[in-house]
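> These are the residues of each chain, in order.
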Amino acid sequence: MNFTHTEERQLFKDSVARLIADTYTLDARNKAAETDLGFSAEKWAQFAELGAIGALFSEDDGGFGGAPFDVTVLFEELGRGLVNEPFLATAILGGGLIAELGNTDQKAVIEEIIAGTKQFAFAHGEPKSRYDASHVETTAKKSGEGYVLNGAKAIVLNGGAADLLVVSARSSGAAWDEDGLSLFLVPADAAGLSRTAYPSIDGLHAAEIRLDNVTVGADALLGGEGKAWPAVEKVIARANLALASEAIGAMEVARDMTIEYLKTRKQFGVVIGKFQALQHRMATVLLEIEQARSSVINAAGRFDGSRVEREMAVSAAKTLAGKIGRLVAEEAIQMHGGIAMTWEYAVGHFAKRLVMIDHMFGDVDYHVARYVALSKEAA
Amino acid sequence: MDLSFSPEDLAFQAEVRAFLKAELSPALADKVRHNKKLTKEDMVGWHATLNKRGWLAQDWPKQYGGADWTPVQQQIFDDEASMANAPRIIPFGLKMLAPVLMKFGTEEQKAHYLPRILDGTDWWCQGYSEPGAGSDLASLKTRAVRDGDHYVINGQKTWTTLAQYADMIFCLVRTGTEGKPQEGISFILVDMKSPGITVRPIILLEGTHEVNEVFFDNVRVPAENLIGEENKGWTYAKYLLTHERTNIAGVGASKAALAEVKRIAKAETVRGVPLSDDPYFAARVAQVEMELDALSTTNLRVLSSPDAAASAGSISSMLKIKGTEIRQSINDLARRAIGPYAMPFVSEALEEGYNGDPVGPEYALGVAPDYFNNRKISIFGGSNEIQRGIISKMVMGL
Ligand SMILES: Cc1cc2nc3c(=O)[nH]c(=O)nc-3n(C[C@H](O)[C@H](O)[C@H](O)COP(=O)(O)OP(=O)(O)OC[C@H]3O[C@@H](n4cnc5c(N)ncnc54)[C@H](O)[C@@H]3O)c2cc1C
Ligand SMILES: Cc1cc2nc3c(=O)[nH]c(=O)nc-3n(C[C@H](O)[C@H](O)[C@H](O)COP(=O)(O)OP(=O)(O)OC[C@H]3O[C@@H](n4cnc5c(N)ncnc54)[C@H](O)[C@@H]3O)c2cc1C
Chain A
1 MNFTHTEERQ LFKDSVARLI ADTYTLDARN KAAETDLGFS AEKWAQFAEL
51 GAIGALFSED DGGFGGAPFD VTVLFEELGR GLVNEPFLAT AILGGGLIAE
101 LGNTDQKAVI EEIIAGTKQF AFAHGEPKSR YDASHVETTA KKSGEGYVLN
151 GAKAIVLNGG AADLLVVSAR SSGAAWDEDG LSLFLVPADA AGLSRTAYPS
201 IDGLHAAEIR LDNVTVGADA LLGGEGKAWP AVEKVIARAN LALASEAIGA
251 MEVARDMTIE YLKTRKQFGV VIGKFQALQH RMATVLLEIE QARSSVINAA
301 GRFDGSRVER EMAVSAAKTL AGKIGRLVAE EAIQMHGGIA MTWEYAVGHF
351 AKRLVMIDHM FGDVDYHVAR YVALSKEAA
Chain B
1001 MDLSFSPEDL AFQAEVRAFL KAELSPALAD KVRHNKKLTK EDMVGWHATL
1051 NKRGWLAQDW PKQYGGADWT PVQQQIFDDE ASMANAPRII PFGLKMLAPV
1101 LMKFGTEEQK AHYLPRILDG TDWWCQGYSE PGAGSDLASL KTRAVRDGDH
1151 YVINGQKTWT TLAQYADMIF CLVRTGTEGK PQEGISFILV DMKSPGITVR
1201 PIILLEGTHE VNEVFFDNVR VPAENLIGEE NKGWTYAKYL LTHERTNIAG
1251 VGASKAALAE VKRIAKAETV RGVPLSDDPY FAARVAQVEM ELDALSTTNL
1301 RVLSSPDAAA SAGSISSMLK IKGTEIRQSI NDLARRAIGP YAMPFVSEAL
1351 EEGYNGDPVG PEYALGVAPD YFNNRKISIF GGSNEIQRGI ISKMVMGL
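Protein chains in written order, with my numbering: chain A, 1 to 379; chain B, 1001 to 1398.
There may be inaccurate statements among the hints.
Here are the simulated lysine-lysine pairs, BS3-like style, with alpha carbons at most 27 Å apart [as the list claims (entries may be wrong)]:
{"id": "1", "chain 1": "A", "residue 1": "128", "chain 2": "B", "residue 2": "1110"}
{"id": "2", "chain 1": "B", "residue 1": "1266", "chain 2": "A", "residue 2": "128"}
{"id": "3", "chain 1": "A", "residue 1": "323", "chain 2": "B", "residue 2": "1262"}
{"id": "4", "chain 1": "B", "residue 1": "1062", "chain 2": "B", "residue 2": "1110"}
{"id": "5", "chain 1": "B", "residue 1": "1262", "chain 2": "A", "residue 2": "266"}
Some residues of chain B that are not near chain A, with every Cβ distance over 10 Å (derived) [what the hints assert, rightly or not]:
{"id": "6", "residue": "1055"}
{"id": "7", "residue": "1141"}
{"id": "8", "residue": "1268"}
Simulated from the structure, these hints should not be mistaken for lab results. On a predicted model such as this, the values are computed, not experimentally measured, just so you know. Just so you know, even glycine gets a beta-carbon here, dropped at the ideal spot from N, CA and C.
Please work from the sequences and hints to get the whole structure.
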């Protein structure tokens, strides 16, 4: 057993932490969230230069990492900074699917992702799919050498800024069959593709996307026709590992801000941290965050094991992130009092992100049910 | 024991339903149901509609133009109006200031202010909290110094709800520094148009402008605006806290919000099955519903009890804690129910006259903002920690 990071990974973690601490402000982040792009192009370039995007890809794919613990280390720091640059959409989801399924030609674009010059989105969720990752009604019909895509995609992260979309569509089967799913690389300006982009309540951006007879060539297909499910499942697992890690960073900041406030805010002639009613709850917050961290370590450590092992550990980590993220968000606000209810004070923004993490790629109920189903498979 | 309403109460309930059906416009109800932003006109207009019927000042005695309803009647109205998605009654003038005026105000003050609350001439806001005086309200520092037939006020109030619309503010101010902090506080009424008052918006975490900072820079207030005696303001403010028992639990609003959650859960589907049939989700809803049903009865037990006044303070603390916890768990159910559509936030879509494309189902628009906004209910009006402290002291003698 060894719970320390390799020296190299620790150095990487420190360098990302430093960039965020030195140059990344909540105020600038929130202002960038109000632009059409939804994040700062300049910051994205800085992250690229630091190698933060490349850390999410293996050496074979032109990166310098890509291991599960590279994901957790990076996303924890991103969570600490409440970073809204599109690491998840572009690198983990878009880049991750290309890395999993792409042929040599298709993988060429990973270099541009790592360099920070291409934006991606995974156009997968649909208006009726909720968290069900195999629920795809968008259709892919063979037409000559290529395909014609029709359907609607919902809450596509980074959908407005993306240059290229990885679109999931059904080649065969019923709405939520795992078999029959195909993935296509589609330029965002393809004819018949329309996007409505909008902000999210936690400072990200997403888009509703329509595909009306969008035609793509055979070279747009990622992997085998109708065979995309295992890669989709695995990449979503990586997204959930990233989100659970991001949650830990955000929880720790919210925790530290609250402890600091308990030590400085005075009411009734004493600092409010003297009230045991608050002390014990803060202690609970502290130990619960340690639980969340352990569940993320479990998930990263088991990520390269069997499918069931990976998926169970990821669902556990995402469940704890959802449950404990909510606890930390609500307690941080409550123990601050009115000040935490304001836009100007940072903790509310961390709280919003923490609660919204529960709404991405499966909430607590979804992952508990999934864990139960996977346990039966494991038995 | 008999859980049913009396025939009189049932007749009253029918009357309230008929009124709501006739007078509450579907457009306004739709805004309330979807947590869209109400304009000042919406709020003032609903007050006027109620006032026309004589139902605005529900707990005021008849002599002041009130409806003089029993607590049970008030609860019936609240349940019915909430379930019909009527706007809530803005409490500052009607429920917070008026009882103090009636008990401690002069005849001139009552004759001047009470009718203006009823007819909407004066929109009141509550100037208690200060940056340094939240839970420890008695530590407030805003000074009022007597100067001839005026008081001169200097200082700052904060968190002042809807002060941007207010004509008048009732304030707790420091007039004395001797003895306990509670002993040097006075209760005074201030015209918001007075020179020296500045109102600055505070934007809440979900982006709304609901509260404000109110600054006082040598604001001159006629001495006749003082309520009761100088340095007795804390007694008047406390009277209000013990007086106010109805509606603290927010049972009606919670019932309406839970009904909305159920509607959403019927519309949302998981693999073709309504979310309302999902065992995890259904269990969450069921548990909140059981709690709410019990709270509704706790509330009616309190309202029906002849000697409730004796222990009103601690009982209102219980109702507030349970009421806010249940309301917040309903907000939590609602965000779970809408799934990924909790994320999109097109704030303009919550404003009047928006005609852009909706993102996701209409019922999802206001859910996440309301979840975050309602974190306030366990903080304001005496936080739930303060309320538990009151129960410990007053009921258990700890
Ligand atoms: C949206 C909103 C609207 C409001 N509207 C108004 C208004 O219209 N008019 C007005 O005057 N005020 C208003 N308030 C102010 C509200 O009443 C105060 O926020 C409240 O009294 C808490 O004070 P505080 O925010 O300073 O928190 P603090 O008093 O600083 O409390 C911080 C934390 O410490 C806890 N704490 C404090 N003392 C104790 C103790 N003895 N034991 C245990 N825990 C303790 C609190 O419970 C809280 O968790 C509003 C507040 C909000 C958020
Ligand atoms: C805007 C605002 C609104 C508030 N609204 C409420 C509210 O609706 N309900 C509420 O309980 N607190 C409310 N508070 C908090 C309250 O005013 C005090 O901060 C809190 O009660 C603690 O006061 P204290 O320690 O100075 O005790 P004191 O007020 O000095 O207490 C003196 C005695 O009165 C008792 N007492 C305290 N509260 C009550 C009560 N509610 N009824 C009868 N006796 C009581 C105490 O137990 C004690 O024995 C509000 C605060 C703000 C800022």
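> Just want to verify: residue 1055/B was marked as not at the interface with chain A; is every Cβ pair farther apart than 10 Å?
holds (32 Å)
> Under the criterion that the straight-line Cα-Cα distance not exceed 27 Å, is the pair residue 128/A, residue 1110/B satisfied?
violated (58 Å)
> Do the alpha carbons of residue 1262/B and residue 266/A lie within 27 Å of each other, as the hint requires?
This hinted pair is violated, its Cα atoms lying about 42 Å apart.
> Holds or violated: residue 1062/B with residue 1110/B, Cα cutoff 27 Å?
holds (14 Å)
> Is the hinted pair residue 1266/B and residue 128/A satisfied, with a Cα-Cα distance of at most 27 Å?
Given pair residue 1266/B, residue 128/A holds - Cα atoms ~13 Å apart, limit 27 Å.
> Check the hint pairing residue 323/A with residue 1262/B against an upper bound of 27 Å on the C-alpha distance.
Holds - the C-alpha atoms of residue 1262/B and residue 323/A are around 22 Å apart, at most 27 Å.
> Just double-check residue 1141/B for me: nearest Cβ-Cβ distance to chain A has to come out over 10 Å.
holds (13 Å)
> Are all C-beta atoms of chain A more than 10 Å from that of residue 1268/B?
violated (7 Å)
Hints 1, 5 and 8, counting from the list given before, are not met by this structure.
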